[in-house]
Structures are given as structure tokens and as C-alpha cells.
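Each chain, written out:
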Amino acid sequence: MNWAEFTNIFKDCKLEGDKILIGSELLKTIDFVKTNYHFDMLKEIIASDNGDGTVELTYRLFSPEDEEDLLISINVKDEAESVSSIFESAVADEKEIYDLFGVKFIGNPELKRLYMPEDWKGHPLRKDYKENDERLNWNE
Amino acid sequence: MNYLYFLYIEFLAKHNIPQLFGDLTFYVIPCCIIFCALLVVVLALVLFERKLLGWFTQRKGPNRVGLWGILQTLADAFKLLCKENITPKGADRFLFNLAPVVIFVPAMIALGLIPYSSEFTFMNFQTNLLIFIVIGAMPVLSILLAGWASNNKYSLFGAMRSVAQILAYELPMAFVILSVAALGSSLNLTQIIYAQSSGGGILGWFGIPCVIGFVIMFICTIAELNRCPFDLPEAESELICGYNTEYSGMRFAIFYLSEYAMLFANSMLLAVLFLGGFLSPFGKYLSPMIFPPEISSVMVYFEQAFWLFAKTFLIIFVVIWIRATFPRMAQFDLLKFSWAVLLPVSILNLFLMVVLKYLTGGGYV
Amino acid sequence: MSKLKLNLGPQHPSTHGVLRLILELEGEKIISCEPDIGYLHRGMEKMAEKLSYIQYLPLVDRIDYLAGFFYSELLCRTVEKALGVELSKRVKAIRVMLLELNRIASHLLWIGAFLMDLGAVSPFFYAFRERELILKYFEKITGQRMMNNYFVFGGVRRDIFSLEDVENIINILPDKVKDYEALITENPIFVRRTKGKGVLDKETAFNFGITGVNLRASGVNLDFRVKDYLYEGIDFNPVVIDGADSWSRYKARVLEIKESINIIKQALKVLESEKELEQKLVNPLNLTLPEGEYIQEIEAPRGLASIYIKSTGEKSPYRLKWRTGSYYSVNLLRKILKGAYLNDAIAISGSLDIILPEVDK
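As you go down the protein sequences, you meet chains D, X and Y in turn.
So that you can map any letter, position 13 of the first sequence is 13 in this note's numbering, and since no number is skipped, the others follow by simple counting.
Take the position in the second sequence, starting the count at 1, then add 1000; the result is the number in this note's numbering.
Take the position in the third sequence, starting the count at 1, then add 2000; the result is the number in this note's numbering.
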């Protein structure tokens, strides 16, 4: 993709290794690369807790024509824009991330606990997750 | 039956036993014995199917209980007897318990209507065939009861599918049966069989002139019995078990056994209508050649029963073969197939048979 | 007409595990479908953060119990790439051969299970008969039938033997596949139940992140094996079928079995010329990955599988994420089942080859 053109439009971004770290306007960025560079597939969204209360979301976009990957990442706190309006596969990914990291995706129609029970406290893959939850002691 | 009756009364009279005793025992005891025997046959049928399916799928089939696994179904029945009967909480208790009873009765009546040999039919009415059709459609009542009373969505789906299916397939079946009745000039099964004896062996069987009818009737039978590829009402991979999802223990066993009893009865009906029933395929009975003349007059009845059973098991074999081969049909294809293909063809078949009957001028009487 | 809510699963004979579909029905027509997963969740990603790499290695086979080799390959590959370990030709050939055998076993099981969903019993047993040969071979060389734990960081656990068994398998299989095709492919009932059912066009497939055979059956030539370093020097054609329905997905899998046999033949040739097993195994004790993020991917039987590891230079990964093909196929059910009839629903969801442990991780 054309890096110069990209930075012209999205000023708030920088290259970090092989991924593009953006500051804001997630939905717009992803829509832009999809329409202009034919990144038609969202392979997955990777979430990773930075340990300081923010979660890094990495969007792995894929262009079936050129068979190349594009990583776009963003640091969010508790809320993020949902890209489910652009990629339907994001519905599933965002559900999982909501369950395991507690990031609320605004605009995702099906956001609810996925693996954990509805009333489970905390989000297990967060670094500040307390493991000895009282619910685990039910059979003692 | 009459012949046997006189033999029996004569035998009793020789030993100074009153005729009243003879009247009572003649009808009650053999009926009980033969119904029990039929139950055993049905159990054997289950084993037959499981063994065959095993061989079709390159397995051994049941082979642990008894010699070659012959006691397997008995063991299964015993296991089911010992199991708890669970009635779901929301079920209509009365109807839920009634359904297995309702399904078993027609199966047993149907078996009573079949002429096992020329002198042996439990219920030999002039309109045997008509009664059979009526009885044959009765299990759907029980299926509907079971499906509705179970208070389970899968059961309900199974029951509704079953009703749609049986309605669709009953009609072509009735037309085929009508054409056979026209060929045989009778609604009595024994007389229909005798009508097939004119050709001498296989050539006289109605399966030859009425081959279209035979195929249609065969398909309808499979559909009516809810067997693969028409097993939508109990489609395991979709509806778990269809109408008997909620049944357990002995109630389930009754459903299971009556299904096989119905399969047996319907296959026998097919054998009677199209394959000459108890007639020998060679035109004459073999027992006078094998047995000395004193007993051959009795042995001939056993031979007749043997031929009927052989033909029945041949048909059942094909039914099981089909089950091992085909996937399940889709609901709409199934209904379309009946209404758009089978029904017109069966009406055409009826027309052809009536013309044939007219042209041969009673050649098939 | 009033709506009926039907819970398909989690204990249902044809959901291949514990998938729960909440269906809204109008008669037998599905107007909405909501997949509910998580009944088989084992916390694979959470566990990774507590365990060292070698402790985690035996677990990853269990992500997809039908294709365990692919996931251990992914983990091993990540470690090897991170530490710069080069694999010898023989090790590569061994891995390719086992991966493809595993792919065949997985596809065979799918054929059986799919036909079982459609109500045919026999193909299930036939497919299992051939799958058994492959599993027997796995047991012979790895000591396990399914959870093999055979690949280790830098190579394989021990050298491979009894290659005549593999030759036997690839000699038998084409005939057997021909048998299945004779029984299934042209069967009118089968064709009527699969042709034109569950159509998945290209755009929808991309949009839902569908990869693997399901995507190639929609006419997209996208096989991650082509660029895979393990498959270097191996000549094969990805199976691409234009049809996009359940039938094409079936056909594509059957053809892929044949293609895999072709790959195994080439791998066997390499194994014959490279007799000596040279491998530099990584010492698993005190194994740490350099700080950074690693992504590796592989074409698993159920679509693209990939692993993401973020390491901070400690004994266990800081964050590990799996991407599995089935997870996205389950998500696709929301769309593809809409408007289908109940008895097609089973056929369609069966044709996507969903394996629940892979979904729940």
C-alpha cells in the first residue's frame, strides 16, 4: 500500500515494526484500507493487555488479491469502535475480546459474555484479573 | 381355518372331549402361541436388521450375547424393561401413556389379517385388504399423540412431519391396492393369493403385470413405516429421535417393537399382493415330494408359511439395504415426490390394470 | 404465523460437539439463528500465560483433536522462527507427510459425519475404516492416536519408520475414495440435498473471514500452503471449485484428499533420498523467546490457523492467541442459515466442517 498517501490522510499514525499504530479513527482507517487497497478480509483481531489499563487491539487485514497482510493496531481503554459494520467476522472477534478483556465495542449488535457465564466477575485475560474468584470455591 | 378346525374337533371327539372345549381352545390357544411367535419373529427381525447393517458397513454386528449374538435383542428388551419410565414434567400424562398402547394395537391387528397359509388366517373377513389399509394408517394417530403429549418441540416436529408424510403416501398406496383388488377381483387376501396361482409359479404373480404398482407400493410402504430414506419423522440428526424423543424404558421398547411389527406386517402385505403370498414360486408345493403322504397334507401348510416368510424377509432385506445406502430426503422433496410423481403414476397404473383385466377377460381371476 | 424458538443443542446428535444454535422458526423455516458457544472452553490462551513453552506443547494438540499436528506445528514453528532454527530437509518432509496424513484423516471423518448428518449411515463406517489406517500409523510412530505431541522445537521427537505403511495407505486410498464417490457424489438424494443449498458467495466469505476449503469451494484460489516454507519444492495444485454450495464443499474435500495423497508421495520421495535425520533440538528448559511479537500461520483442514505470541523475554508468553477456521464458520451460521429449512440447516452447518474444540479453544 501507499504509505505516503496513507499518512497524508491519517496524520495520527506511525509505523511500529511491521504494524501501523494509529491513535484514533479506527473505523475510518479500516474502511479506507478496505475500499482503497482491497484488504477484503479481516483475519482476526488480536487483543493484548498492555498492563497499564489499556488494551492493544491489532487488526490483521488480508488482501486476497495480493495475498499480503496489513496490521493496524490501536490502544484503547475500555471502549472501542466496532468494525462489525465493515467486516462481519469482527462480530465474533469482538465478542471474544469483550468476554476476555472487557473492551466494549460500540456498534456491535451481539455483545455479551461468550465463554464465561453471564454473571462472571472480571475478564480473565486482563493482567489485573484476580484468579481466586469466590465463585471458584463453590465446591469446597 | 375351517379345515384345521374340523381336524381338531374330530381329534377331540375321538378322545371324548366336549366340543365346547374345542371351540374355546381352538381359537384362543393357537392365537396366543402365534402372537408370541410373532413377537419372537419381530425380535429376530431387529437382530436381522442389526446384523445386516453391520455387514453392510463392514462391522460384525451384535455377536456377544448368545451364539452369534442371537439373544442380543432379548437382552436389549430386558434392559429396557429394567429402565426407569420417565414422564416429562410438562407432558400430558394420560395421552403420553396412551400413545404406546395405541401404536401397538394396529401392528398386532395387522398381523392377524395376513393369511399365513391357505387355511390359516386369524381374522378372515371378506374385506381383509380394506381393513388392512385402515389399520395401516392408524399408527400415525399414536405418533401424533406421542408428539403432542411429550411437550417437546422436536417431538412435535416429528409428529407433524409424520402426519404430512403419511397423508401424502397413503393415497398412491390406496390406488395401487385398488388396482390389485381389481386384478384379483376380491378384497380378501386369500382370494387375491389364489388369483395369482393361475400362471403357475412366478409368472402368475401380480408383481409381473403390476410392476409399476409394486414399485410404488414398495416406496409408499417405506415411507409409511418412516424408514430411511423417508425417516424424516425420526430424523436422528435433525430431530434427535422425532416423536419418541421423550420416551424411555419399556414405552420406548414398545414403540421400537411395534415399528418392526409394522414393518413385518407391511412387508407381508407386499408379499401377499405382489409375490403370491404363500404360493410356491415353482407352481407346485414341494412338500409332497419330500414328506411321506400321511403328513404331507399338513406339511404343506408349513411350506406355505415358509414361502410367505421367505418372501417377506426378502422384501425386508431390500428395505434394510436401502437404509444402508441412501441419505435422508428433504421434507419438501418428499412431499413433492408423492404428490407430483407417485400419485399420477399410481392412477395411471390403476387405469392400465383395469384395461388389462378387461382385455384378458378374467384371466387373472 | 407465530414464531417458535428452538434450541438446537448443545446436546444434539448432529452438532459435532457442543454447539448450541438458538433458532427462530416459522414452520420449519429459520428466520434467525444465533450460535452460542463456550461449552467446551478450556482456556487455552489463559493457560499459555502460566506455562512454559514445553509445558504448553502437549496441550495444543487438543485445540483441534482431529488435526492436532497442525497446531503443534504452529507452536513449534513460532519458536523455531523466533530462535532462528533451520529445519533439515528430512524433518520438513516428515512434517509435511504427517500434516497431510492428518488432513486426510480429518477430511475422511468429515465425509462420514456429513453423510451421517444427511441420514446415510454406511459412509461413516467406510470413512472411519480408512481413517483407522492413518491413526494406526500415528500410533505406531508417536505412541498416540490423536493427541500426538510428536513435533518438538527444532524437529521431531524421534525418527520416522515403517514408511511402507504410508505407502500402503496412499495405495489403498484412491480406490476407497472412488468407492465413496460411487456411493455418494451422484446419488440423486444427496445431490438434491446439497446442490444449491447453503450458497456462500465470494464476498460473503471474505466478509466473514472464511478460509480453507470452504473458501476454495467458492471459487477463490487461496491456499496458504502455496507460500508455506514447509511446502517448498512440493508441487501441488490447490483445489478450487466454482459452485459455492454444500455440494462443492463436499467435492472440494474429496479432491483435496487426492491432492494430499499427491503431496505425501512427493514427501516420501524426499524421505527416501534423505536418510539421515539431522536436527538441532532446542533445549526446552529455560526456553525463552526474544522480546517481540510473532505471528505464524498454516493451512489447517478447517481453514487458516494462526498463532500470535507476544513475548517479553520470559519463560511463558505474555500473550498467546489462536486463530482457528471453525470459529469464523460458526459465526457464518448466523447468515447462511437464515431462510433455510430446518432439515437443510443441519446439512449446511455440517458442510462447513465445524469442530467445536477448535471454536472454543
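By construction, these hints were calculated from the structure, which means they are not laboratory data.
Warning: the hint list may mix true and false statements.
Claimed, not checked - Restricting the straight-line Cα-Cα distance to at most 27 Å, the calculated cross-link-like pairs of lysine-lysine (DSS-like) are:
| hint | chain 1 | residue 1 | chain 2 | residue 2 |
| --- | --- | --- | --- | --- |
| 1 | Y | K2315 | X | K1153 |
| 2 | Y | K2046 | D | K112 |
| 3 | Y | K2335 | Y | K2050 |
| 4 | D | K130 | D | K19 |
| 5 | Y | K2136 | D | K127 |
| 6 | D | K104 | Y | K2335 |
| 7 | Y | K2029 | X | K1153 |
| 8 | Y | K2050 | D | K104 |
| 9 | D | K130 | Y | K2136 |
| 10 | D | K112 | Y | K2338 |
| 11 | Y | K2178 | D | K77 |
| 12 | D | K130 | Y | K2050 |
| 13 | Y | K2310 | D | K130 |
| 14 | X | K1060 | Y | K2050 |
| 15 | D | K19 | Y | K2003 |
| 16 | X | K1153 | Y | K2178 |
| 17 | Y | K2140 | Y | K2310 |
| 18 | X | K1060 | Y | K2176 |
| 19 | X | K1060 | Y | K2197 |
| 20 | Y | K2176 | D | K77 |
| 21 | X | K1089 | Y | K2136 |
| 22 | D | K127 | Y | K2050 |
| 23 | Y | K2315 | D | K127 |
| 24 | D | K112 | Y | K2280 |
| 25 | D | K19 | Y | K2176 |
| 26 | Y | K2338 | X | K1153 |
| 27 | X | K1153 | Y | K2050 |
| 28 | Y | K2315 | X | K1051 |
| 29 | X | K1089 | Y | K2003 |
| 30 | D | K121 | Y | K2046 |
| 31 | D | K127 | Y | K2140 |
| Ascending list of hint numbers which this structure does not respect | Hints 1, 3, 4, 5, 9, 11, 14, 15, 16, 17, 19, 20, 21, 24, 25, 27, 28 and 31 are the ones this structure does not satisfy, whereas the remaining hints hold.
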